[in-house]
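Trainee: Protein chains in written order, with our numbering: chain E, 1 to 409; chain F, 1 to 409.
I should point out that these hints are in silico values taken from the structure, not numbers from a laboratory.
Hints may contain errors.
Residues of chain F clear of chain E, computed beta-carbon distances all greater than 10 Å [said to hold, decoys possible]:
| id | residue |
| --- | --- |
| 1 | Y97 |
| 2 | D161 |
| 3 | S252 |
| 4 | T318 |
Here are the in silico distance ranges between beta carbons for each label pair [said to hold, decoys possible]:
| id | chain 1 | residue 1 | chain 2 | residue 2 | range |
| --- | --- | --- | --- | --- | --- |
| 5 | F | P348 | E | G328 | 34 to 42 Å |
| 6 | F | G105 | E | K264 | 35 to 43 Å |
| 7 | F | A136 | E | A274 | 43 to 51 Å |
| 8 | F | R265 | E | K259 | 48 to 56 Å |
Glycine included, every Cβ here is placed at the ideal spot set by N, Cα and C.
Number of protein chains: 2
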Amino acid sequence: MASRKSGSLLLSGAKALSKQHGFAASAANTRSTQILPGFASPCSFSRYSYSSSAEGQKKILGVFFAAHEYAKNPEFLGCVENALGIREWLESKGHKYVVTSDKDGPNSELDKELADAHILITTPFHPAYITKERLAKAKNLELLVTAGVGSDHIDLRAAADKGLTVSEVTGSNVTSVAEDEVLRVLTLVRNFAPGWKQVNEGGWNVAAVVHHAYDLIDRTVGTVGGGRIGQEVMQRLKGFKLKEMLYFDRHSLSAEREKELGCKREEDLDTMLAKCDVVIVNTPLTDQTRGLFNKERIAKMKKGAYLVNNARGAIADTMAVKEACESGQLGGYGGDVWNEQPAGKDHPWRYMPNNAMTPHISGTTLDAQVTISPQFFHLNAFADCLRFFSSSVLGLLLHGWIFEFGFGF
Amino acid sequence: MASRKSGSLLLSGAKALSKQHGFAASAANTRSTQILPGFASPCSFSRYSYSSSAEGQKKILGVFFAAHEYAKNPEFLGCVENALGIREWLESKGHKYVVTSDKDGPNSELDKELADAHILITTPFHPAYITKERLAKAKNLELLVTAGVGSDHIDLRAAADKGLTVSEVTGSNVTSVAEDEVLRVLTLVRNFAPGWKQVNEGGWNVAAVVHHAYDLIDRTVGTVGGGRIGQEVMQRLKGFKLKEMLYFDRHSLSAEREKELGCKREEDLDTMLAKCDVVIVNTPLTDQTRGLFNKERIAKMKKGAYLVNNARGAIADTMAVKEACESGQLGGYGGDVWNEQPAGKDHPWRYMPNNAMTPHISGTTLDAQVTISPQFFHLNAFADCLRFFSSSVLGLLLHGWIFEFGFGF
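Extracted from the complex, chain E is given alone in its bound form (with noise of 0.2 Å):
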């Protein structure tokens, strides 16, 4: 298929955070400082206006990862090679763009380049982990965008402390994380992986899938967070015929809004994995939320219950479930993050048994590619830089400030 070249998602993501948090995205441009509803610190908005600035070129930095022989494709945007698609227009405007996926260790391209640079772009898919030890040689940065989901990957505290704006571009792949995640509970649930292998290597042995296959309906499921990508999910979920479809978050969907998803919200988190056959989760990570799938819990869970993680490999403890993955207690557990990217070769997740892994790519589909990438800006008039970083500084993601206002991104 050819991508669909839409810029949809991204401006209704735009809109719909500004209803969700009660701000509008223009407000991004205002130079004021605001203080976050939670939170002590006093968080300046769009501090860094890029065009607006009087002090000419900037370097903007990028990471990204090579996509080598599959970046011929040119709606392969979100690679090294490619850019992000935005090249030549930073270029035509004057500025200075370098790319990178050298990204670790200490003497790496990037710790090279980011000591001048002003704007650093990013990837939760080749997360360049930005400390706080980072930051402090970084001498002129202002700005760091992540083009995509999810900011974890930066000292969100050290980067607050500096004053530094981290924005990212919030919505832009709900749908393909939401897809990729009802994919792999169908995936566990079916057992489809090791039938899958098995005809690839030239065997054949239904028993030795089907022992392991049931179907989704009249199970239920539950997702942790009923933010934008749990509620993605559970519209999909909806004509699956579940007994329940549950979610837990700290906040309420309105009444019309729980009927049209069919779902039901759970007060308590541990009540609602006891009731669950497969629970999904769609929560940042964050201090409440890291180590939160760990031994304990898991034990709270039915067993042979799935787990699908398309959220932050942290969010799970790595030997809790792979151990559970062995004895049973868990019936699989998929997801496409890992506690450090690219996992280590001998990372636990890649050989336990009934997991749906994979490296990180569900919310990096070309589609969202095209969506996450500035470009569609800069295509559809956008062309202003001011315009640009101001639409994409969608809030400012200060550390658990998302989990404040609910689960969900």
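Assemble the complex: chain E is given as a structure, and chain F must be docked to it using the hints.
Mentor: This is chain F only, laid out in the frame that chain E set:
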């Protein structure tokens, strides 16, 4: 998970068929000879009524795959070891019950035991190919029961010519197959399987997956066949915000049902195919559908579209599919049915790019097995053999007859 152990599907299946085809299941016990619309051959319904026979002990022969170590799970009924869970019951009635997995070649156990069997039970998952020649040697044979849906492994014309009844547990695994079809659509569209293989083998290459990964939203999906499985698939896809959900069938669903499923009928197959990003096959294998997706028809599909076929392998031309996957005319092909089963080690569908193939599993989850197993009738006080067989004789599957009544199982 434990299987659901609910028999509701089978009963509703029986009701649905009765309604759809205008005769009640109990009509199968009338011993009358009826002529089905559109066909010249007279067909005897329930020529054989098991426990009402005065002939005493009967020999029932079952052909199932061997589950080996997996048979230890008592829920795994559909294997030679657990013999569909009906041994105790049949033997308590004084009948002889022989099961085997050895079905191929001239000296197979099947051939040996079939010679004097009265009833043959087979499944589509480990199909015993019942040819005219085999039928000629089965002197006592009166009833052929397919423990599943789809009896194309039986020469139905030859069976009809011999006055034999062929029955199947219609509707028993509609849900299982429909869920699996959604899984395969997503697997192909998201390029999941190569990503899974990669990390399970210690690799990490996001680009190698993502370069061929799209979203399903805003795409057009069409089902060839709007029968029960087709409708269940459409219901499940409704939440995915497709551009259009189309179905091709000689019969229209009611306007109310179309609205409920969010679908639209296409009167011409090729017209529909030209619009679809994803095509799902939901027809039985008949003379009309054999080789339906040949080179010429695949060429009428959109370039890069995906084809999912859990119906029967012979509905698609083996080499045409392989070549289309290699050329990119098909973005991928997925299914669990092969033109011969088990598929040979050199079957090209095993090794073609972008395949979502497995052994024949979609209709035989543990949940489906509980529904398929005639034990259900037994457990639910349908202990009388007459009632058992008359209830499972839901229709004489004459060659092309279901097709005459419209696509769909």
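Trainee: Please go over all the hints and tell whether each is borne out by the structure.
Mentor: Status of each hint after checking the structure:
No beta-carbon of chain E is positioned within 10 Å of the beta-carbon of Y97/F; the least distance is around 20 Å. Interface exclusion of D161/F from chain E stands, the closest Cβ pair being 32 Å apart, more than 10 Å. For S252/F, the requirement that its beta carbon stay farther than 10 Å from each beta carbon of chain E is met, with the minimum near 21 Å. The beta carbon of T318/F is kept farther than 10 Å from every beta carbon of chain E, the shortest such distance being approximately 14 Å.
A hinted range of 34 to 42 Å holds for the C-beta pair P348/F and G328/E, which are about 37 Å apart. Checked against the hint of 35 to 43 Å, the pair G105/F and K264/E fails, with Cβ atoms roughly 56 Å apart. A hinted range of 43 to 51 Å for the beta carbons of A136/F and A274/E is inconsistent with their spacing of about 59 Å. At about 29 Å, the beta-carbon gap between R265/F and K259/E misses the expected band of 48 to 56 Å.
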